[in-house]
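**Q** From first to last, the protein sequence lines stand for chains A and B. Under the numbering used here, the first residue of the first sequence carries the number 29, and numbering increases by one thereafter. Under the numbering used here, the first residue of the second sequence carries the number 1297, and numbering increases by one thereafter.
FYI, nobody ran anything at the bench for these hints, they're computed from the structure. Some hints here could point you the wrong way.
One-sided excerpt, in silico: chain A residues whose CB lies under 8 Å from chain B [what the hints assert, rightly or not]: (1) Phe-350; (2) Leu-382; (3) His-406.
Derived Cβ-Cβ restraints for the label pairs, each shown as a range [said to hold, decoys possible]: (4) A/Trp-499 with B/Ala-1317: 31 to 41 Å; (5) B/Ala-1317 with A/Thr-552: 12 to 22 Å; (6) B/Val-1369 with A/Trp-149: 30 to 40 Å.
Don't be surprised by glycine CBs; every beta carbon is placed ideally from N, CA and C.
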Amino acid sequence: MADHATSSLPGDRGYLSEQGWRSWALTMDHKRIGVMYIWTTLGFFVVAGILALLLRLKLLVPGPALFSDHTYNVLFTMHGAMIIFLFIIPAIPSALGNFFIPLLIGCRDVAFPRLNLFSYWIFVAGILVTVGTLVAPMDTGWTFYTPYSTRTSAAVTSLSFGLFLIGMSSILTGLNFIVTIHTMRAPGMSWYRMPLFIWAMYATSVIQVLSTPVIGITFLLLAAERVFGIGIFDPAKGGDPLLFQHFFWFYSHPVVYVMILPAMGIVSEVVPVFARKPIFGYKAIAYSALAIAFIGFLVWGHHMFVSGMSTISGVIFSFLTFFVAVPTGIKIFNWIATLYKGSISFDSPMLYALSFIFLFIIGGLTGLFLGSLATDVHVHDTYFLVAHFHYTMMGGTVMGLFAGLHYWFPKMTGRMFNETWAKNAWWLVVAGFNITFFPMFILGMQGMPRRYAEYPAKYQPLNVVATVGSWFLALGVIIMFANFVRSLRNGEPAPDNPWRGLTLEWQTSSPPPEENFHEIPTVTDWPYGYGNRNEASRDH
Amino acid sequence: MPYPTILRASEASLVSHDVDAVFIFILAIAGFFFVLTQGLLIYFAIRYRKKKGVEESTPYITGNHALEVVWIVIPSLLLVAIFAYGLTVFIKMRTPLPNATEIQVTASQFTWSFKYPDGRSVANELRLPVDQPVKLIMISRDVIHGFFVPAFRQKQDVLPGSYTYLWLLPKRVGTYDIYCSQYCGTGHSLMRGSLIVMPQPQYQAWLAAEQQKQKAGAQSPAEHGKALFESAGCGGCHSIDGSPKVGPTLKGIFGSRVTLNNGQSLVADEEYLRESLEEPNEQVVQGFQPIMPSFKGSLKQDEISALIAYMKTLK
């Protein structure tokens, strides 16, 4: 990698130098916009997490407790809608993507900085509408299935408008990233010299641009049905409720790859750095991201095997679904092979990356039971499904996000966090996560349906275990965030390259100057040239 | 009833055993890959951890084409096998059973109603003879519901506006849970029922007794109301013992003073109870959601009177 020492003067706050709210609200600096996204999305992670703790608390007992069943339904709707639309979709792409795409490809900003700022503010506008609506009790579940969602008294119409705005922001951000990656790479950075995080973000952006318009249109149709009484989804008006499910999952299935691909990109960055080994199978990992993005568009019907969709459709969707597992497996195998003969240090970013692999394997393998027609009929809409998607989304995406936050915290803030506390938090997060969600696989196999405010008493023991687990998980997350917040002011000053990484962001100062690089670097090699090239060399 | 755990194969219905076999097949393959990948992950992490004080020297290995082919081809073949096995059992599940007794299932917020060939309706309780195939013809009166019998490993969403079907063949006598598996609103988690599988002779005896009861006819209005209360599924949302459910309890309702959610209060007389059945969301009791379906048209005038007569007895 190019050698560009740009050591900063002590006390130089780089892009963070300017003070005052205008310097943030009106900034066109991709780094500052990224930081605003981080605060916004993590804020909703905390809110939705508190809601989840309340849900788990109620489930300590099988009968009526704490608050009404209606309130329970409202809370799980808010938890789902917030965690999906306000946290997990934008968390890595818009936050870390914004901050690090230009730094990793060696340019001064995204292609359209003004559009980038606009994307952030329509995201905020969308949030205001959405949250304003959610506070008025919304009890449809985050999936808004019709005709319940067209008949309920809840304010589905204004919620659709809020989510429409958030979708707009997502499309514009994706577009911005695609153009940036195509046109603004540093001299010498060919496609095969791009960091894998960039490949992942590229695949993610393509999905965002192609799938989000469909959910936008679906929300407009839903609003049209509610406001003008046009029969689209409600059979009482001549509509078809399954049409809504097809539209909804045509977006919402590909979008799970918007959630997971960037996290996989982070793991692909972190593992080689801490194993001091080149990434194993660079091209296989890069192309598998594109393969996942492509196949991901063809499998939405696997959410609908028992919906009343025809048997033959179920068969086709099940067949295609199994082929998402292949590129996912490729990534897992390559990450593990990267560890082979490495010199592995277990700093907190690596711990989170390894726990991503560990938990995502469980999430992925349990997906086989849901992809297979015969077994899906039994476990669909049960706690098995809840466990599966929390293993992929929280065990996967959120662990990847935590890996990225620890990995890049020194670069973003110019400070180091306390490593001991980061490790303590990691133990609690991983242990708490498994105690919370593993029992749900068994509950689902035993037939406990999801979204149950009250449940038969025979399911109580495992529910108690899950609830107790959620407290450990919460404690771990609190410690992690407290460590970050404390370190923002009081952390040791970070060196430019604390982890000895070879990607371009480590060649500039911590925090980076406003223009990212004093001089645009020239790239002469791929970013994973760790290890001794005289030993066991093989062409990549 | 014991847990219907998948690992202790269920013999409750024709397909339950097959579904469990597929589950165990997938579990074996998943278990193999779980041990392989997690084992290597943990082994490498320990074996190749950084040694203190040793200058690292790692080999420059960037990939291996043969390995990539191996871990693309082998999983692909196994995935096709899983798909094919799941497919055969799914087809078996969806294939109509010959000579099946047809039972009409009507789902509504938050009640299951089962209508037998003799025209009788029962709420939340489905009695079937063992070893006799049954076809459930299902429709919803309002939103989407899901008919789910965990012990049978069978589930099917129930739609408004179009029929969906489920073929069941009970193989073992017992009482099994019916759950609503598709979120349908406030009372979703209480929309449960029982599937009672009886030996043939007992089933016939039960059927005859019920038919006898129906023929006898001459019931008092309160008895008639009690039967309606059970067959219309009122008990799904309203208790008669004072305990809270989705809707207010009916214990002592008649003649009591009711506070509405607009702050007004009134005495629950015949007229109020009639309105509450026909236009239930006009005058909602404080603390409850306006979610009750209207029974206008579906209950005849004498049936409403009978229900009110029954409510008067709930002291």
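**Q** Of the numbered hints stated earlier in the document, which are not met by this structure?
**A** 5, 6
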